[in-house]
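Q: Sequence:
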Amino acid sequence: MAGVTNTFSKPKLARLRHCAFAFVALSALAGIMRAQSREATLEAIHCLENPGDSTSPGPCGELGAYQFRPATWHKYSQEPFHNALDRRSSDTVAIRHYEWLKQEIECHGLPPSAYNIALAWNGGLRAVLSGRSSRGMRDYAQRAANLAWSFDQAWEFAQTAR
Numbered sequence: 000m001a002g003v004t005n006t007f008s009k010p011k012l013a014r015l016r017h018c019a020f021a022f023v024a025l026s027a028l029a030g031i032m033r034a035q036s037r038e039a040t041l042e043a044i045h046c047l048e049n050p051g052d053s054t055s056p057g058p059c060g061e062l063g064a065y066q067f068r069p070a071t072w073h074k075y076s077q078e079p080f081h082n083a084l085d086r087r088s089s090d091t092v093a094i095r096h097y098e099w100l101k102q103e104i105e106c107h108g109l110p111p112s113a114y115n116i117a118l119a120w121n122g123g124l125r126a127v128l129s130g131r132s133s134r135g136m137r138d139y140a141q142r143a144a145n146l147a148w149s150f151d152q153a154w155e156f157a158q159t160a161r
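Under numbering that gives the first Met the number 0, the very last position in the sequence shown is 161; numbers go up by exactly one each time.
Hints should not be assumed to be uniformly reliable.
As the list claims (entries may be wrong) - Derived DEER-like restraints, expressed as beta-carbon distance ranges: (1) Asp52 <-> Leu109: 17 to 27 Å; (2) Ala157 <-> Gly108: 33 to 43 Å; (3) Gly135 <-> Trp99: 34 to 44 Å; (4) Gly108 <-> Thr54: 13 to 23 Å; (5) Leu109 <-> Ser149: 15 to 25 Å; (6) Cys106 <-> Ser53: 16 to 26 Å.
Treat the hints as calculated values from the structure; they're not laboratory data. Even glycine gets a Cβ: it sits at the ideal position worked out from N, Cα and C.
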């Protein structure tokens with residue numbers, strides 16, 4: 000279409016598709032997703048934060064599937080920070096952090112939507128509670144919410160196809 004531009008490069012789109020297909024396959028095979036919105040939101044965050052599962056630290060020392068910083072990691076885990084590279088350990092911390100964000104967002108009378116969780120994940124809880132966030136933070140949150148919705152839809156489709 001004329002005038003429409005794609006902001007994703009081909010490698011990024013390929014990684015996002017890979018994440019989506021992997022998520023659907025794992026969900027269908029493993030029977031996870033009891034709390035599908037949480038799982039879909041966390042998988043979306045993983046796809047945005049570290050889709051290639053890089054083991055190199057980020058610019059601020061972040062590690063793992065969810066690009067945790069040391070302070071966040073140690074808030075929920077006694078394990079050494081380098082264990083953020085282990086997906087199971089990282090998933091455990093991600094769930095704890097998600098639940099804390101969800102509780103804080105709800106306590107302030109806001110919906111714990113995928114968008115609000117992702118906005119808090121990327122920009123801090125204050126970004127959600129104050130209603131003030133950068134365009135980049137809002138774009139991140141919208142991409143995460145879109146991915147989470149797609150993952151939820153794919154999971155529902157996989158369940159009805161059984």
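Q: Now, for every hint given, state plainly whether the structure supports it.
A: Hints, verified against the model:
1. Asp52 <-> Leu109: 17 to 27 Å: 32 Å, violated
2. Ala157 <-> Gly108: 33 to 43 Å: 34 Å Cβ-Cβ, so the 33 to 43 Å window holds.
3. Gly135 <-> Trp99: 34 to 44 Å: Since the Cβ atoms of Gly135 and Trp99 sit about 23 Å apart, the hinted range of 34 to 44 Å is violated.
4. Gly108 <-> Thr54: 13 to 23 Å: 40 Å, violated
5. Leu109 <-> Ser149: 15 to 25 Å: 23 Å, holds
6. Cys106 <-> Ser53: 16 to 26 Å: The hinted range 16 to 26 Å is violated for Cys106 and Ser53, with Cβ atoms some 34 Å apart.
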